[in-house]
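Chains as they are written, first to last, in the working numbering: chain A, 1 to 277; chain B, 1 to 326; chain C, 1 to 348; chain D, 1 to 291.
These are computed hints drawn from the structure, not numbers from a lab. Incorrect hints may have been included.
[Said to hold, decoys possible] Calculated cross-link-like contacts (lysine-lysine; reagent style BS3-like; alpha-carbon spacing at most 30 Å):
no.: 1; chain 1: B; residue 1: Lys122; chain 2: D; residue 2: Lys5
no.: 2; chain 1: C; residue 1: Lys206; chain 2: B; residue 2: Lys318
no.: 3; chain 1: B; residue 1: Lys24; chain 2: A; residue 2: Lys19
no.: 4; chain 1: C; residue 1: Lys137; chain 2: A; residue 2: Lys5
no.: 5; chain 1: B; residue 1: Lys262; chain 2: C; residue 2: Lys310
no.: 6; chain 1: A; residue 1: Lys5; chain 2: C; residue 2: Lys148
no.: 7; chain 1: A; residue 1: Lys2; chain 2: C; residue 2: Lys98
no.: 8; chain 1: C; residue 1: Lys326; chain 2: B; residue 2: Lys242
no.: 9; chain 1: B; residue 1: Lys84; chain 2: B; residue 2: Lys193
no.: 10; chain 1: C; residue 1: Lys158; chain 2: B; residue 2: Lys24
no.: 11; chain 1: B; residue 1: Lys297; chain 2: C; residue 2: Lys310
no.: 12; chain 1: C; residue 1: Lys206; chain 2: B; residue 2: Lys178
no.: 13; chain 1: B; residue 1: Lys226; chain 2: C; residue 2: Lys148
no.: 14; chain 1: D; residue 1: Lys239; chain 2: A; residue 2: Lys47
no.: 15; chain 1: B; residue 1: Lys262; chain 2: C; residue 2: Lys318
no.: 16; chain 1: C; residue 1: Lys158; chain 2: A; residue 2: Lys5
no.: 17; chain 1: A; residue 1: Lys12; chain 2: C; residue 2: Lys137
no.: 18; chain 1: B; residue 1: Lys29; chain 2: A; residue 2: Lys19
no.: 19; chain 1: B; residue 1: Lys297; chain 2: C; residue 2: Lys326
no.: 20; chain 1: B; residue 1: Lys122; chain 2: D; residue 2: Lys16
no.: 21; chain 1: D; residue 1: Lys239; chain 2: B; residue 2: Lys85
no.: 22; chain 1: B; residue 1: Lys193; chain 2: C; residue 2: Lys298
no.: 23; chain 1: D; residue 1: Lys239; chain 2: A; residue 2: Lys51
no.: 24; chain 1: C; residue 1: Lys237; chain 2: A; residue 2: Lys266
no.: 25; chain 1: C; residue 1: Lys158; chain 2: B; residue 2: Lys224
no.: 26; chain 1: C; residue 1: Lys305; chain 2: C; residue 2: Lys326
no.: 27; chain 1: C; residue 1: Lys326; chain 2: B; residue 2: Lys283
no.: 28; chain 1: A; residue 1: Lys2; chain 2: C; residue 2: Lys148
no.: 29; chain 1: D; residue 1: Lys5; chain 2: B; residue 2: Lys85
no.: 30; chain 1: A; residue 1: Lys5; chain 2: A; residue 2: Lys19
no.: 31; chain 1: B; residue 1: Lys297; chain 2: C; residue 2: Lys298
no.: 32; chain 1: C; residue 1: Lys318; chain 2: B; residue 2: Lys297
no.: 33; chain 1: D; residue 1: Lys5; chain 2: D; residue 2: Lys16
no.: 34; chain 1: B; residue 1: Lys297; chain 2: C; residue 2: Lys305
no.: 35; chain 1: B; residue 1: Lys139; chain 2: D; residue 2: Lys239
[Unchecked claim] Stretch-level coverage of chain B by chain C, calculated; a stretch enters the list once three of its residues show a Cβ under 8 Å from a Cβ in chain C:
no.: 36; stretch: 295 to 307
no.: 37; stretch: 310 to 319
Bear in mind that the values here come from a model prediction, so they are computed numbers and not experimental data. For glycine and all other residues, C-beta sits at the position ideal for the given N, C-alpha and C.
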Amino acid sequence: MKFLKSALSFTKLEFKALKFYPSSFVLSVIQSFVNMGIWLFVSLFLKQYAKNALSGYNGDFVSYMVIGVIFFQNAGSILTLPFQSLSTAFWDKRLEIYNSSGSGIWAFLTGKFIWTFVYNLIIQLGILIFAIFVIGIKVNSSISIVSVIVFYLLFILTCFGIGLIGASNFFYLEVKQGREPITWLIDVLARIFSGVYYPITVIPISIRFISYFIPHTYALQGIRLIMMNGYTLSNPNILRYTCIMMIFCVVTVFLGIILLNRALIKAQRGNGVGMVV
Amino acid sequence: MAVENIIEINNIVKNYRIRKGLFKFENFKALDGVSLSIRRGEIFGLLGTNGAGKTTLIKVMAGLLQADCGTGTILGFDIYNDHKKIRANVSLVAPTADVGTDNNLTVRQNLEFWAVVYNLQKEKREKRINDVLNFLDLKEYENFWPISISAGMRQKLAIARSLLVQNPILFLDEPTVKLDAKGAQSIREFIRKINKEFNTTIILTTHYIFEAEELCERVAIMDKGKIISCDFVDNLRNNLQKYDSFTIECDNLSTEIIEKIKFNKNVLECTYENRALHITTDKLENILNFTVSFLRKENIDIHSMETNEYTLEDIFIKITTEGEIK
Amino acid sequence: MSNYAVEAFNISKKYKGLNLDKKESGIGLWIKNISRLTSNKAEGVLALNDMNFNIQKGEIFGIYGENGAGKTTLIKILSGLLYTDTGSLSINDSTNIKEIKNSISYVSTNGWMGLEWQLTTKENLIMYGNLFGLSGKQLENECDAVLKSLDMYSNRDKYISQLSAGMRQKLTIARGILINRPILYLDEPSVSLDINSAISLREYIKHYSLSKSKSIIITSHVPDDLAICNRLMFLFKGRMVALGTKDELKIPFNNDKVLNIKCLRFEERHVAMLNGISGVKNVLNYSNEDKKNYEHIKIRIDDDKQLINKIVDLFISKNITMLSIKLSEISLQEIYEYYIGGVANGKN
Amino acid sequence: MEKIKSEWDSLIMFSKREFIIWSSYRMNAWMWVLDVFFNTTIFFLLSLVTKGSTLNFYPYGSNYVTFIVLGLCVYYISFTNLGDPFGRVSRIYWGGTMDLYLLSPLSYFTPMMGVMFRSVIDDYPRVILSLLFGGVFFGATYNIMNIPLSLILLVLILISTFGIGMISASSFYLFNFKQNTEPVRFIFQDVIIALTAGYYYPLTVLPYPLQVLGSFIPHTYALDALRRLLIPGGDLYAKVLPLQKIINISPISLDIIVLIVMSVLTLPLGWWMYVRGIERARREGTLTRWQ
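Using the sequences plus the hints, can you model the full thing?
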């Protein structure tokens, strides 16, 4: 309970920052819209040539692309979150202060996570509604909202878990700025192999196996099937995806917590979590 | 050499705009009518409490900040029109010495970098860097990374940087903050040395008043954006106490002896309380010699003796708490 | 329950690879240099070496040393932010790192000090209180009380960017006091405070320790900060060179006193005459760098009242005008130098 | 003359320093190479979506990979020249060195340009890399004949994007955008250019209002000309851009003229605004962050 309270104080902190610069909220909304727009136009450009490849999704490349990009964006910001937060706090010389409380760093990360989750949820929900009602993305009329939420939550938690694994690298890393290799690699692989921008069936068969090791593949495919084809959790394919996502979720989150904890202890054995100089 | 005012500013006013809300601003008076003249070749101290406007004043004098109103010339250049020339002719060492020291370059590489930035002639660069390194005893550290030398060394490096070009004015903003006693002492020695050898005018701000007392001939004491007094340290002292006085601690003075001391016409006042003989006089040296030898002649033990001279610290506290001295 | 707030046995700490004295081959990078410390190839650098000491409950304990002597490292270890390599440490009768963190309050005044720019002074305190598991109305009241006691109440609604460096520093100290732990660490508390604030801060700390019987540990390189301490530790290059009350530390000086003389017309040749007086240990320092041409002489002498008379007589006979003669205690820096001199001679 | 010489020396010295720093991030350089490679891979795979249909991106030939690779080239150039100056000015500001640079005889611009060198060595090779990867791995083909003219176009886009970059950099001091995203760069780079430059699709896909908006940025013209010239099967005479339809000269020459006009307009404007920005900061005392 106390832990949650201190985590929420970090969430509140982010909220206060937003009050200071409300423009940053507007900017990130626009940014997300633009990003969606770019891919929307790419799919508009290519849609007439892509009917064959998208037969599994009623040949609707535009809906396929937009739904994928929206959820991928959301996941991407969660993926980089833990490392980014640690890095900023480190350079601002705050990390040591947080660490002087028993579970300060965890409260800090949790608070940040809660904030980013809510913040992104609002933005992406807005975009999704915009995409459906203005652009005219076709969503199946019998869509099962519960299934979407289940997939979405599993997806986000998995990304957070991977993010934690990446963040555990922080104290070993040579350059404590910019991107961190593990999350960077996952992000790039997901872009190429998880079928954000195109169905994985177009990937040459010899390298397609990589797709099956990336959680994004299952999450995005599941969400699309539910939204575009109207499948529910009772569908065997969806059920299989749910199970796989659950396994991914549990494994990454636990691994993330364990690894980051170990990294923290190791850092305190060595030179501490703050700057030496 | 005739006394020449290298810095001459009058009635400088500077307001900062402080953000209160999204579109609300509030003015904050950082400098409120400051006038100051500084002579060539002196070490001038700027003292004041936190937030008194010292740094702002230094920035104005260095041409980094444009005053709202008031007039002034630095090195004969007008502060409004010739600010470019002013900036090219003054040096400044900021309180955070690490600013401008690139941690990716060695000590020497850092100086080489700044030598080019300061537009030193190519042929002279090498020699000048060596000179500066030798002068500040940094020669043996020239190939070290800034991060591996002590904080005092890094401060010296910052000073070295400002010495590359022999500008006639050097601003030092809290040069010894965060240094230990030894490091601070050596910085102080170098400040004196720079002033003597290059005849550089040095303007110094510091929180350690004893430092100013040790180094500066003249000081200005600032409070809330105003200079509340600016004079030679001695004059400040004389303003606070009209007559000199001293106290001698000694045992068993008979009234007879006290009367004899009082008899001297230069002794204005003489009291003996709690084993302390307190004398006020207008001729300090004579009376000191007279009293001491007189007491010793009478075979009286002297435990301690003290001229009641205000230290700069006393003056500072008195002035900042009591306000302007008339 | 023991009487000790801190018990340390043989604690040592090695940093990895901070030893960059040798010019490295190739091009290094600052960030790299910090982080190279974490690689296994890195050389260990002893930051603290084999320290044994106890700090009593309710004591104000001072740690004095030059820059880089290991003060900050020691305080970080004592507050559970760093682990020791060897030795054992018990804070408030506990060796568990979590319990240690719950019984201390660590105030570091370096850098931006972890203040949040988007919050006001008071909100910063509340946020920090939340982080340490305090909340509610009680927290607010305590915030007000702490701000008042540090003379910061009028700034409670200002944002951090509007505070001067000194005020920010006071705020970090307020933060440390707020969470009300039995042990308070202050790392360089008076850096960037002006004289008046520094004096009142010292008074406050003393009062705080006495009234609430807190243990307070202060590191500093400013002797004045340590004047309020019951006991002092001298640190030099990661070694504890001395520990004790100020009087205990002065024992090697045999109650010697320092006589400070300010005078006119003193010349170099007079030094020999001073040394000739029995009881005069040595002339420590003689300088005429004063702007008014006063000479300043420091003499170490036996604790003998008559000596002053002898010196005064000598000066009168030489027609030297004395402006002041004052006995003083030996300064902290001098004591420190004596001890580190001992270490340097003894060990090298 | 003397003055120019000394500024040049300082510029070299800055670049040397940046190079020293850059070369110690060797890991980063590799990440960039991989980044370029993966970026082209994504679009190569995307082009596979169209398998089974006959492609014709009139008037830009029929090779989608070449199409994308050229888009990426202009993207990288714009990323540095337009996106970087602001970041550099803010780096100088937050590092606290602006005061020190101003206390030297340097011109206002030299420090900013000097510090930019790191991005230059970071990003310009990416232009060549993307062309190379496209050609070697993913089957991009180029019209070798038209390379000289394309180089001129590249220089023009370099200059004009840098002009916009300067305008964006000056807003740091001139409009006091310090804490957050900077609007000039944001509106240009992240909104207008991202949407309408057409890195990944031709301008003609866009709704007409966006096409008109796209006519105000140099990228549109540079990409139009480059793609016509370099993609095999590109049509040099068909008019597709709104402006091309209005003004009746050959599309390529129109593109070049527009680029020259934009360069001449933006660069001096950016220059002037930057000086005004510094002057303003000097008045307000916001040159550096002290304390």
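*Are the Cα atoms of B/Lys139 and D/Lys239 separated by 30 Å or less?*
Not satisfied, since the Cα-Cα distance of roughly 69 Å exceeds 30 Å.
*asked:* Does C/Lys326 sit within 30 Å of B/Lys297, going by the straight-line distance between their CA atoms?
replied: holds, 21 Å
_What's the verdict on D/Lys5 and D/Lys16, does the C-alpha distance respect the 30 Å limit or exceed it?_
holds, 16 Å
*Apply the coverage criterion to the stretch 310 to 319 of chain B and chain C: a residue qualifies when its Cβ sits closer than 8 Å to a Cβ of the chain, and three qualifying residues are needed.*
With 3 residues close enough to chain C, the hint holds.
*Decide if the proposed pair is consistent with the structure: B/Lys297 and C/Lys310, CA atoms, cutoff 30 Å inclusive.*
holds, 12 Å
*Satisfaction of hint between B/Lys178 and C/Lys206, Cα-Cα up to 30 Å*: Given pair C/Lys206, B/Lys178 holds - Cα atoms ~23 Å apart, limit 30 Å.
*Are C/Lys206 and B/Lys318 close enough, with their CA atoms no more than 30 Å apart?*
At roughly 25 Å apart (the allowed maximum being 30 Å), B/Lys318 and C/Lys206 satisfy the hint.
_Pair hint B/Lys297 and C/Lys298, alpha-carbon separation not exceeding 30 Å_ = With a Cα-Cα distance of about 25 Å, the restraint between B/Lys297 and C/Lys298 holds, given a limit of 30 Å.
*asked:* Check the hint pairing A/Lys2 with C/Lys148 against an upper bound of 30 Å on the C-alpha distance.
replied: holds, 27 Å
_Please verify the coverage claim for the stretch 295 to 307 of chain B: does it have three or more residues whose C-beta sits within 8 Å of some C-beta in chain C?_
holds (count 8)
*asked:* Run the distance test for C/Lys158 versus B/Lys224: straight-line Cα separation, threshold 30 Å.
replied: holds, 18 Å
_Pairwise hint evaluation, B/Lys85 against D/Lys5, where the allowed Cα distance is 30 Å at most_ = holds, 19 Å
In the structure shown, a violation is registered for the earlier hints numbered 21, 35, in ascending order.
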